[in-house]
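Engineer: Please put together the full structure from these sequences, using the hints given.
Residue numbers for the sequence shown, in the working numbering: 1 to 239.
I should point out that these hints are in silico values taken from the structure, not numbers from a laboratory. Don't be surprised by glycine CBs; every beta carbon is placed ideally from N, CA and C. A couple of the hints might just be wrong.
[Unchecked claim] Beta-carbon label-pair distances, calculated as ranges: (1) D230 with I134: 37 to 45 Å; (2) G120 with E32: 19 to 27 Å; (3) G73 with D161: 41 to 49 Å.
[To be verified] In silico SDA-like links for lysine to any residue, alpha-carbon gap of 20 Å or less: (4) K96 with T165; (5) K96 with R20; (6) K96 with D136; (7) K6 with A98.
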Amino acid sequence: MTAVPKTAMVLAAGLGTRMRPLTDDRPKALVEVGGRALIDHVLDRLAEAGVERAVVNVHWFADRLESHLAARGRGPEIVISDERTELLETGGGLKKAAALLGSDPVFVANIDSVWTDPKGDALNQLARLWNPSIMDAALLLARREGSIGFEGDGDFFLADDGRLTFRGDATEAPVAYMGVHICRPDYVADGPDGPFSLADLWRRSAAAGRLYGCVLDGDWMHVGDPQARDEAEAKLAGE
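Structural biologist: Structure follows, in structure tokens:
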């Protein structure tokens, strides 16, 4: 069995433009759902899974986010990757932080995903799937039905062995990326300098048969705008 990563990269540097006016005075990471900041939902999930150290990138209202993280008073240990001067997107942010992440596989997590986890096992399930000898990345996925705040037509088709293929020209696909994956930090080493998306690398990995995933046994809430925030609050209140 693959060990659960002890380190995570938390992508918290975005501008949160779709979340306005809630992000007029704060980063998206500090928008609250169910009485907790989005970033605390993610960090608490990671800590519960055994993550000891989280590298968090910051940009928009960076000082405010750093102050919040410093005052959290619980694990994981926080290390800041400073993107005040330039937003680097998902791939560029991971590449900039690589020196802080070490060489072992890491969780990479967005801050706009909240999920229910009846068995408390979602991140461990992903870690059990992860096999670096045949995978470049292992993605946690959600079924489109039952998801909150996801407007798209799905991202992937999932084979019985966990291998992923992109939706491509199909009108829809059954599962969507829900914001957490495992990869090695050096996965992005040959990416371009400056901003780039991890999706570009995932397409290459999928074509080589090295992109895998598993489906969340729970409900996913993509908290991308104020309406989705309100819907996620209602969902959590009813749990």
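Engineer: If a hint holds in the structure, say so; if it doesn't, say that too.
Structural biologist: We went through each hint and held it up to the structure:
1. D230 with I134: 37 to 45 Å: Given range 37 to 45 Å: holds, Cβ gap about 41 Å.
2. G120 with E32: 19 to 27 Å: Given about 23 Å between the Cβ atoms, the range holds.
3. G73 with D161: 41 to 49 Å: At 42 Å between Cβs, range holds.
4. K96 with T165: Violated, because 28 Å separates the two Cα atoms, which is more than 20 Å.
5. K96 with R20: Not satisfied, since the Cα-Cα distance of roughly 27 Å exceeds 20 Å.
6. K96 with D136: Roughly 19 Å between the alpha carbons, so the hint for K96 and D136 holds.
7. K6 with A98: holds, 15 Å
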